Amino acid sequence: MNIEFGPELESFRQEVAAFLDTAPTPAIREAGRKTTSVFAPFEQAIAWQKILNAKGWAAPAWPKEYGGTGWSVEQRYIFAEECRRRQLPPLLPNCLQMVGPMLIDLGTEEQKRKHLPLILSGDVYWTQGYSEPNAGSDLASLQCAAVSDGDDYIINGSKIWTTLAHHSNRMFMLVRTDKTGKKQEGITFLLLERTDYPGMDIRPIIGLDGFPEQCEVFFDNVRVPKSGRVGAENDGWSVAKHLLKHERGGSAASPALLHNIARIRDAAKTTLSPFGGALADDPVFQRDLGELEADILSYRHFEQLAISGHPMVRDAAYPSMNKTMNSELSQRVSIMMTRVSGVETVPLQLEALTVGSNVAPLGTDFDLIAMPYYLNTRATSIYAGTNEVQRDLIARTVLAANR
Amino acid sequence: MDFLFTEEQTMLRDSVARYLDKTYDFDARQALLRSEAPYSKAAWSQFAELGVLALPFPEDVGGLGGSVTDLVPVAEVFGAHLTVEPWAFALTLAGGALTAAGNHAAARKHLADLVSGTRIGAFAYDEHRGIAAPAQIAMTATPSGDGFVLNGEKRLVFGAAEAGFMVVAARAAGQAGDAQGLVLLLVDPRAAGITMTPFRTQDGRSAAHVRFDKVGVAGADVLAKDAHDLIAKLISDAILVLAAEAVGAMTALLRITGAYATTRKQFGVAIGTFQTVAHRLADMKIAHAKAYASLMYSTALAEAGRLTARDVSVLKAQVGKMGRSIAEAAVQTHGGVGMTDELSVGHYLKRVLAFEAMFGAPDYHFRKIGSSAA
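Just so you know, the sequences run in chain order E and V.
For the first sequence, the positions run -4 to 398 when my numbering is used.
For the second sequence, the positions run 37 to 410 when my numbering is used.
Mixed in with the good hints, there may be bad ones.
Listed next, the in silico DSBU-like pairs over lysine-lysine satisfying Cα-Cα at most 35 angstroms (straight line) [unchecked claim]:
| id | chain 1 | residue 1 | chain 2 | residue 2 |
| --- | --- | --- | --- | --- |
| 1 | E | Lys240 | E | Lys45 |
| 2 | E | Lys177 | V | Lys250 |
| 3 | E | Lys177 | E | Lys59 |
| 4 | E | Lys240 | V | Lys301 |
| 5 | E | Lys59 | E | Lys109 |
| 6 | V | Lys77 | V | Lys250 |
| 7 | V | Lys301 | E | Lys178 |
| 8 | V | Lys301 | V | Lys145 |
| 9 | V | Lys301 | E | Lys236 |
| 10 | E | Lys264 | V | Lys269 |
| 11 | E | Lys178 | E | Lys264 |
It should be emphasised that the hints constitute simulated quantities derived from the structure, not laboratory data.
The structure presented is a predicted model; accordingly, all values stated were derived computationally and were not measured.
Throw the hints in and build the complete structure from the sequences for me.
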């Protein structure tokens, strides 16, 4: 056992802190304060990515040869911690954490050369075309079809829950190229280099929090080049499964959760308890906050074991356990935030939530985001495979251990 | 960073596991519980033989010069076998108090006996309805000459009736709630004025409530004054080792319940194919992963000398809460047969519940965490 961070990591932390204290613009900081989702406000998140990229820090987890930092896992964790501590907007995950790492692992040399630099620089943004109206948790039953036509595919069908598609200029997607065999075997993974192909129609969906984060995308005889295919035709399921691992595991999520606990604790100091005095001094509140924080700390310990390379990360259930813990803790944090804000959560404040708006919040910044954050966070147990699907996968490992 | 045990730690764990696999299976444990014996003397000698009893003690009393964190990997194995011997209490609490007394003649002698396995030690700490923190100790040690006179009652003293020596935590000044005024005293369990009410615990251990009626303690038997921080340290050590036992029990429960859900058939299929059952298994595994991670992380912190009171609260509360949820889920998954004394699952339930109740229940620790920023 060895938990020492060592003095060189402390000086690294100071170097990171010095940069993070000065580099973000006021708009980027405002976006961080008004982030109510896994997806920070688009424009400022991209602006922050460009600043980090100029410093070489946009993709800490990527291999150095593709523009990563070469940092150790401990350094990456410290970086994530310092970013959350300053409440900076998280970088958008689709490119840097999903399609980028997937291309590094499975893309052709040409695909890597073409796409990776643009992903890093923030000049392109990729939306994920996986789910369909009739293929959610049962993703492999997807029907959006691509028919071969010379050097192209012709796509017909639709995709849904394509996050930020209305801001995106690229799309990675799964299409059905064979309807005859097992449903997993007729799927192909495609990279689309435009989102404005003739016949492509993107329609934003207003979410529970009042904002268009998700979209629906319709394909009517959309012709795309075959050069965008990753892996072999009909082998897209293995590409998708590989990418899912990046989506579900290997993150540093506990710093954000712990930061929110600190915000809750602060907010409770100035919130009146209905029994008199400050809510922060209410024994029931203290107990419940402590229970939530303790559970987050156990998750943090789980994350620390994972980044240390503990054998548990080789358990097939690891990505699903990570996703389930993280998503459900986020939801409990969001509930605790609304509990502190109480009746202040009731006013609808869409304008005040918009970055750069001149409409002031009706209460505190904390009150402003509590309800939208709660509403948006309902999605965490639904996306990336519902938590019911994750529990199926976890249970399979408990049962398989005995077969 | 790494959270792995060393080769030596793993070797000792494996040899303890081999011994217990051979001699301490569930049936052997059931037979032991049905006998009059408070615990297995044969097992105790073997623990001494294997070096477990010597592990955390200094070499000049026959110890191996290790630390409490070295006990964690073996404690997991003890927990998986639901051993009833009072080793965790004797080593971390009674033995820890003697070690901290340093060059104290009587302490040295008892420590050597503890290491060799010739006698066990008990630690009298708990009082009415449990003590979550040392400052709440109320039982009085009235100063008398250079020693003290003990009056009052200590409860749930593990191994008290079998102990060759007893360390008593008592209050020489102030009142319950004060950190000041606590002492640790070495007492002969057979001294005049001591009355014991021995009993078996729900989870199969031997313990006693101990009454003290004008029990004199000589100055030479005072182990520590201003003992609050020392007692807190001993409790923290005990929590770490008992949490490791509980996690070992939880690991066993997950394995046993997974196996049962795979083989038990109802409606013509294995019950693990029902999603409600499968998801309960998934929740057990998630709870186990959290408890295990907190145990490993806390062990690494303890080894680095950086385990704070807040960290201990997290470990105690989380392992207690997760242990209960896993064990209750295990009983439910086993159905009717899970309700019987014949099956191990109920015994595991009782072991983790005992852990949950001791040294402050989860509610206490959660409130401690919630009322103080990190």
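_Hints that the structure is at odds with (numbers, increasing)_ = Numbers 2, 3, 8, 11 - these are the hints that the structure violates, sorted from lowest upward.
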